[in-house]
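Q: Build out the structure end to end from the sequences listed, making use of the hints.
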Amino acid sequence: MSNSTRRRVLAAAAASVALFSAAACSGGTTRDNQGDAGAAPSSGASADPNAKLKEGIKMAFLPKQLNNPYSDVETSGGKVAIDELKGEYKLVGPNDASASSQVSYINTLIQQQQDVIAIAANDPNAVCPSLKQAKAAGINIVGFDSDAAKECRDVFINQATTQGIGESLVKMANELAGGEGEIAILSATPNATNQNAWIDVMKTELAKPENSKLKLVKTAYGNDDDQKSFQEAQGLLQSYPNLKVIVSPTTVGIAAASRYVSSSSFKGKVQVTGLGLPNQMRQYVKDGTVKKFALWNPADIGYLAAFAGVALASGQITGAEGEKFKAGKLGDYTIGKDGEIVLGPPTEFTPENIDQFKF
Amino acid sequence: MSELRRPGSRRALGWDSIIVALTVVVLIIASFAVENFGTSRNFTFLALDLLPIALVALPMTFIIVTGEIDLSVASTLGFTSALMGTFWTHGLSIETIIPLCVVIGAILGAVNGFLVTGLGLPSLAVTIGTLAFYRGLALVVLGDGAVADFPAAYTGWVTGNIGGGSIPNVLILLVILALIFGVILHATPFGRSLYAIGANAQAAHFSGIRVARTKFWLYVVSGAVAGLVGVLWTLRYSSARADNGAGLELAVVAAVLLGGVSIFGGKGTLPGVLAGVVLLAALQNALRLEDVSGQALNIVTGVLLVASVLLPNIITSIRTTWQRRRLRSAAAH
Amino acid sequence: MTTMTVKAPAIGSFFKARELGIVLALVALVGYTAIGNPRFLSGQSIRDILLNTAILAVMAAGQAVVVITRNIDLSVGSVLGLSAFAVATMMSANPDLPMIVALLAGLAVGAVCGLLNGVLVRYGRVPALVVTLGTLYIYRGLAYSWAGGSQVNADELPRHFLSFANDSLLGIPWLVLIAIVVVGGVSLMMRNYRVGRELYAMGSSPPAAELAGIKVARNLLGAFLLSGALAGLAGVLFAARFGTVDAAAGTGYELNVVAAVVVGGVAVFGGSGSVWGAGLGALLLTVIGSALAVLDINQFWQQAIVGALIVLAIGADRLVAVRLARSLRKRDSHV
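Chains as they are written, first to last, in this note's numbering: chain A, 1 to 359; chain B, 1001 to 1333; chain C, 2001 to 2335.
Read the hints as simulated data drawn from the structure, not as lab findings.
It is possible that some hints are incorrect.
[What the hints assert, rightly or not] Under the rule of at most 25 angstroms between Cα atoms (straight-line distance), these lysine to any residue pairs were calculated in the SDA-like manner:
id, chain 1, residue 1, chain 2, residue 2
1, A, K218, C, I2035
2, A, K135, B, I1028
3, A, K58, B, F1043
4, A, K269, C, T2089
5, A, K291, C, S2163
6, A, K329, A, V342
A: What follows is the structure, given as structure tokens:
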């Protein structure tokens, strides 16, 4: 660098420092003084519980990403329900589970004037501005699987209560560890909304006396990426030789961890459990790597989301607490606090019953 | 290319003119043939989608014209986005954070510039290295977390339109910067010196152009613009994340090359580049409205990219053969 | 840039020093990590590291050859994805096919992709960076359009295909064996055979190579074909190792491969470096990743360290090259 260049760099740096201090002194917008972020505005429309469900409703499903077997099963349930209700079903989505990639798809759906968008949000906030635009354009928003920020959607289909899942995960881990020993969690991404909520419940459960001999040594993140999860499972077993159970509350993670354990010298010594798809887990249940795991029926989530979406578009519900609607073969549902609709308790899969489930 | 007369250089239509024309044609066809394409709301979405690529493409054009490359831009974007989230959670004001992020982007660019011009390292290898390095720093700063609660006044401005109309606020920013970059490249001695450097750096040096210093500052500008885009990206998605903009560098380079800039430097125009950006974004937008998978566009992008260099080459060689034949037959007479 | 065109054979000792540097770095890193956690040297751990290196090393060997000719192949990640999906689909439809057919199919898919790259670079006179950036998109797009959002799961693949990733011959896993054979074979070709020396010459000075009567077109097509074929082979290994394959397999791998090659001492302006150096580069990058996990260092540091290492490696090469050029000049003036 020449001398004059160096001098100019210094000058630029000095100028910018001056600029910041000026800006800092003038007291701009900071996190603490920006005022209350707008509270969730409830829609003014009132529900008509007797309204008939409309036919020809255009409902689009936007999962976290395409070619994820779990979301494939979810959305297939949505398609069944939309066909029953004589609506128009559409499935769109990005190929990577990144935060920003869903936004362009929401924009396209607004342009295509859909009636309902069902979304599993990759990032609860990144999709929010676009979802608000969609609502402004008269589109009803149903969250499923992974919630968007509350003010950006009408209802959210919760697969099970957070509390229920967390408890069930700890219960399985306790049984498999034989009541004591080291356990580890292999989660999705560190900011995945539902995984984190479940892990929080697990931690409270682990603090209870009946689980006091279980020790959570590490929470690893496989980012819902098969290869990354595989390598993280590998890393866990290397770092913690006394590990007894890996709990993976994500279908990608549990499949990858099972595959690693079943092909390594740890098979039989380390148990894998968590939330998984029976089709993906069948071979590991049969070869003894996995003794027990759980899940709700993902197809039912899509099915329920579709009925909720059509009920919204028909004016039968608005998303307020206490409203009731019928969801075909699943029966009656009531909307809970914050627009949440809970599907039901998860099912536990074991070598004895796994062959009854084909998804 | 050693012919005394270069038939390609005098043709009325350069590749950049072709791409501008092609873009206009695609826009017109799409407005008629694709439902909902020609609406004002779609115009807003289109503008917002192409903004990051267009902004980063401006300094990238300068750099590629001088025969270098900067692959680290998307990682600079990710790093400033991650920093923005961290600063915000630490209570800095947004008015401080924005210029700070631009300056930090410029510093990252200066590091590239120093490695390339100060140490004389090949820019392709250097910026592949800093691509990994800066993205790594972004992950170190913010991990896999996200910061979301930016002030609505700012996020609203980035996604909003002028006076509630259909022209996005951020488009003004793009127009102003594009005009500045365009004038500098095409109407100043400095701009001409960039072409001279790209055509032959040694000759440019001997004719009194300060090659190293010029390149250094181009990298600084490239970093600063990437930092600015990091801010805009964060505000648009109300989400500061370390993985923001991953892979954007390839889209930018593809658009610049598609716009007719030679990867070896010395050739290309800014209108061509902007047309390349618009063409890719419009195709993507239209295909998505037609429910064509976004991945089909991958193929279109790749083919256009290769064709942008291949077609002029083929045309040139056909003309050369034709001209030789004509000369030969003239000589025979 | 012209200063980079140092002739390869003249500086054999420099190569040794360069690769010795990587070996020393490896030893230091492994030693340090093993002191922190002795399990790092357990059989299972070493096996995992070698398995993880195998795929990267196979691709790095092909990339090194292309880079030595002063070109680059950015399409390798997409070729891996296309080949992995093609082979996985084929094996799930015909579970009785033997493993060797899968390997050959992967090689063939990759070879076709590589050949197209070579033809466009040589006969279309399109720069390699542009061609392979274009085919990076095209091959990935083909994989996506073919897969259409579907994926092949481990339970759809035949047992013998999946167990290939874990089976071993004389205690060495097949994957590792293949990687060693590939890196060793290509190194041998580049060091001891005429075509290898020609490829170095082409990278040192393309016009001079042409004037010297080297069959530049044939060699160039061969280099791209090799890189493509090895990326295709890597796709088969990927499918066997990870079991779950979709169209996104190997996205972004091109940068890891180029990083391995550059860290391994191959100059991006061609003409110098070695294939087994690139293999060592792949090993070093993988060991860094594993060591961070074992030492319980924040995994987010990994990418920053790799990036810094790339810059360091090219900086060091540049320094050595400048010193060398100076000493050569000095020697010349004394004679």
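Q: Next, verify each hint and record whether it holds.
A: Against the structure, the hints come out as follows:
1. Pair hint K218/A plus I2035/C holds up; C-alpha atoms about 21 angstroms apart against a cutoff of 25 angstroms.
2. Between K135/A and I1028/B the CA atoms are separated by roughly 30 angstroms; this puts the pair beyond 25 angstroms, and the hint is violated.
3. Of the pairs offered as hints, the one joining K58/A and F1043/B holds, with about 23 angstroms between alpha carbons and a cut-off of 25 angstroms not exceeded.
4. Distance hint between K269/A and T2089/C is unfulfilled; the C-alpha atoms sit about 33 angstroms from each other, more than 25 angstroms.
5. For the hint linking K291/A to S2163/C, the alpha-carbon distance of about 22 angstroms falls within 25 angstroms, and the restraint holds.
6. With a C-alpha separation of about 15 angstroms, the suggested pairing of K329/A with V342/A holds against the 25 angstroms cut-off.
The earlier numbered hints that this structure contradicts are 2, 4.
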